[in-house]
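Going down the list, the protein sequences come from chains H and X. Residue numbering for the first sequence follows the working numbering, starting at 367 and increasing by one per position. Residue numbering for the second sequence follows the working numbering, starting at 228 and increasing by one per position.
Read the hints as simulated data drawn from the structure, not as lab findings. Be aware that one or more of the hints could be misleading.
Computed spacing ranges between beta-carbons, pair by pair [to be verified]: (1) Ala402/X x Ser452/H: 54 to 62 Å; (2) Arg411/H x Asn340/X: 25 to 33 Å; (3) Glu414/H x Gln253/X: 22 to 30 Å.
A few chain H residues that face chain X, going by a derived Cβ cut-off under 8 Å, partial list only [said to hold, decoys possible]: (4) Ser381; (5) Gly393; (6) Pro397; (7) His403; (8) Glu405; (9) Arg411; (10) Met440; (11) Met441; (12) Ile443; (13) Leu447; (14) Phe456.
Quick reminder that beta carbons are idealized off the backbone N, C-alpha and C, glycines included.
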Amino acid sequence: MKGLDNLNDELEGLSPTLRGLREQADGFNVPAGYFDHFEASVYQRIQEKGIERPGMQAIRGKGLRATLMKPRAMMAIAATLTLVLSAWWFFSPQPAASAVSVAGVEISDDELEGYLLENIHDFDADQLAALPEDVAQVDETPAAIPGQHPKAKTAPDDLSPEDIEEMLKDMSDDELEQLL
Amino acid sequence: LIDLQPAVLNKNNTDDQILELLRSEQTFERGFRTLMAQYRERLYWHIRRIVLNHDDTDDVLQNTFIKIYRGILQFEGKSKLYTWLYRIATNEAITFLQSKTRNAAVSLDDTGNMAHARLHADHWFDGDAVQVRLQQAIAQLPDKQRVVFNLRYYEEMPYEEMSAILDTSVGALKASFHHAAKKIEAAFKD
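In isolation and in its complexed conformation, chain X is listed as follows (with noise of 0.2 Å):
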């Protein structure tokens, strides 16, 4: 029996709640699509910062959820389900930025160039040039700290939340996001 109803759109869905809808087949697609609907919008936003290009992002995206399905119930639940869909996410979106650079044979000194031939072909970005310089000095950090700069720039993730996704130390990622940011301020300063 496939559940034909539309995702339950509602702010107050918990993962909880979600997890239930999955845990019967009767309810599954619902809460797959319930799913979707609540974590879209913010995992497109985190692997579009890593990514940079939208057509890019949409299909890192559209694999992410592939993986997600494929593997929500092998989900034990320990961890929090948005660490676990963020887990997901980042490796997509860092496996898809090697496998671009591998293709492309640079070193990682040409990514800044490499990140900027996407934003300047991406239709879907019109930042001015201090903010192709912003993604270019972003795009130069090693890819861990690169993840951790952004959670906390753009997405203002507390540290706390941040350790379950990396599996990192607080004190760990203080220190990238420290070193993360002295780089791109030197960047500017060049």
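Excised from the complex, chain H in its bound form (with noise of 0.2 Å):
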């Protein structure tokens, strides 16, 4: 044996006595059958211990999922989530308030249109010019006025002379007192 020849030479020059006490006995026996009955007795120890047989997840451990239930990539994730999520609310744009969204609360057009219509005798002339353009076009027709003729509806400049003198033939003198 070449390792043992090694050994030997080694020990040689080192120590003459550990040289010559290979050649001997060194005194330790094991019980006759020790190693047959050993397994059963680990077994025995296991199941007295109850220890669990390991899972076969710590074999599947390698892969991705896991990797990912691990607690620190878990905290990773989380962080990460948080920090975008508020990165992303931070500097997404905000809607711009509205001319017609009064606490959250949405207004059409045609609800704000038909509010002025009715309340028009409220406003001033300054209020009523400071509208955006597209609310302040309301038909300020007399026409339009609720309680009005319904023909009145149609602006006069609409009206040939002849509708006019049909609608003012329809029209009673109040109606047409009122109109003026």
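Work from the hints to combine the two standalone chains into their complex.
Have a look at this one:
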């Protein structure tokens, strides 16, 4: 044996006593059949200590899922998500305040128009002039005022002389007076 | 499913074959029994040289295999299997001895006497006075030097293999064995 020769050579100069003792029995013995029963002894101890068989997830533990399930990875993912969501919330453009959005309640143009027409006498000319163009373009003809003659809805400029004459025929004096 | 087939007692079982069995849920138990069959004797003698007494060796060896059972699936194969097994066995044996020394509150100088007492109490030791003296001298070596000496002297392990187990350079191991042999030689001359 090469290893043995090397060791003997090594011991030759180091310790002649140790070199000589290698030829003798060391005195260590093992009970008969000890190794045959060893396996059963180990399993008995495993059972006594309530040791569970290692889970196979440890083998699969090298996969992505197991890596992601590790506490450190989960904390990192949670922190990243929090940062991304915060950044998105912070940098995303906020909707501009709308002239027709009051306390978060949206008011359509039609509703606003209706309100203005119903309360048009409560506003002065300056206030009406300050309204956005699309809202201000309400039909301010007297015919649009509730309670007026249906035919008066059309602006006088759009009416032919015959129409005007016909309309005046149908109107009572009171109605005519109110219109003027 | 528990595989109840006996361990594969084949001298040609390589560590890779054992690990292959251990990696499958169906063959895990067979793989572990094969591993025990393959290494129980080598690890027994490795531990016995350190703790000396058979009963203590039996206790430490069982604990060693339980640790292996619990941790084998975490073995990543970065080192050879037997290297990993030897490391566990060495740590278990040294820890056992250290706990005995602490419990007995003895100084390092008394370790030779403790070794004598352990051998004397062991029914499975029938060495003569020279062998007892040798074991006493070995027991007085520092822990790591004792392991190096045993692996080289009794198991004739090449320094390269020892280097992987003890994570120490070959040069340092040769120096350690040299010092140990000189100390033992000196102990016999006293």
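Hint numbers the structure violates, sorted upward? 7, 10, 11, 12, 13 and 14
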